[in-house]
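J.: Input sequences plus hints: build the corresponding full structure.
As a plain string of letters, each chain reads:
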Amino acid sequence: MTDAIRLLIGTRKGAWIYESRDRAAWSVEGPLFLGQIINHFVQDPRDPGVLLMAASTGHLGPTILRSTDGGKSWTEARTPPAFPKGEPHGRSVDHSFWLEPGHPSEPGVWWAGVSPPALFRSADGGDTWAGVDGLNQHPMVLEWFPPEGGTPDGAILNQVVIDPRDARHMYLATCSAGVLETLDQGRTWRPLNQNVRCDFLPDPYPEFGQDSHYIALAPTDPDRIWQQNHCGIYRLDRPGERWTRIGEAMPPDVGDIGFTIIPHARDRDTAWVWPMDGTEAWPRTSPGGRPAAYRTRDGGASWERQDRGFPAEQGWFTVKRQAFSGDRGDPMGLYIGTTGGEIWMSGDEGANWRQIAAHLPEIYSVTVATGS
Amino acid sequence: MIRVSIPSQLIAYTNGATRVEAEGASVAEVLDDLDRRFPGLKFRVVDEQDRIRRHVRIFVGPEEAKTMDVPVGTGAEVLLFGALSGG
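Protein sequences, first through last, are from chains A and B.
Counted from 1, the first sequence has number 87 at position 87 by the numbering used here; the numbering is strictly sequential.
Counted from 1, the second sequence has number 42 at position 42 by the numbering used here; the numbering is strictly sequential.
It should be emphasised that the hints constitute simulated quantities derived from the structure, not laboratory data.
You may find that some hints are simply not true.
So the derived list for chain B, only partly shown, Cβ under 8 Å to chain A, looks like this [as the list claims (entries may be wrong)]:
#: 1; residue: F43
#: 2; residue: Q49
#: 3; residue: G82
All figures in this text were calculated on a predicted structure; none of them were measured in a lab.
For glycine and all other residues, C-beta sits at the position ideal for the given N, C-alpha and C.
T.: Shown next, in the form of structure tokens:
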């Protein structure tokens, strides 16, 4: 590895940047914005000096923080995501959760998923934002996103995913309508949830209502979608419409509940998950107190445990939605941030893991950026 | 002229000042005037539907203002606080 890698770390109490040229020695910069809740911290791959953070605090309203010089200086978005004053449902943005750089053909465009669930777009590198009415004012919006529904910190539109072949084709992952798809860049939407289970609804296979924790397109085959759902691990190969529960091949004592799924940078059949305990009271800890990633190399037909380096017992952390990332190295590097404030990495595609930071606040987000 | 007390959570907007001055005959007008001079401050305190945020408290003198239309008399003091908000 010769290009520097930067890990952009968002936590419940601020942001940090870890940088390495060899994935062995890491330097740290931070804290940045100590005390602010940083739900997502993302580089613009089209303009690598641009970094955005989704920020809020325990007291104040939400905002977007921007750097155009690789993190040396920061300014606040002039117009952060906000619903129109007087909008029909009386909503206000509680926090921005997900920041997505737009399609490569649209420099300067960014998308934001917020809580309560809604979609916002910026056309100027994240400085000013406007709501996407095709979703936010959709006739089904209160059924897809019931005001009282959603996750403990508030219902979220937790992910925006763009087809690299077509800027108009986008997917959303949401906590109360599952996956939604648009073919016209947000003017019209439809649910894409066939065969995805809802253990918590009377109809276990509804058209919408699923809690889609994380979706990812295989980088070398964007027709392959991986999904870590509240109720299992799934795969969908487009133009198919019906998801397959590939998590049924996970060991029964581990299960297929988790927050995130990371596809391999070059192999369409390989992906990693980070299982958590979904039994009884839903502790959401590492199952059995034995942290591990699980990897499939055959599209989900089988899974192998990868725990070398992690505590063999009494390890109870877990990994949240945005806190698992991979780089584009060969072999691919993997990075997790834990609820216990630790960063772990593997430089050999999960075979061996080591801790590269500890004692941080609860980690919400780990993304990989190119070096400064 | 209205005297305004700024809590620590907002001094990044006021160049570190904990006391500033503003104009206005209501809480809304005072916050609008503050936002003109310290862009972005108002949205951190009040949401887009003009509701005071859950963990912010605003007082006009000794009385808490629950809405933005509370009048502010000449020479009054407006105090902004970050309320109790978890760990």
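J.: Which constraints among the numbered hints does this structure fail? Numbers only, ascending.
T.: Of the numbered hints, all hold.
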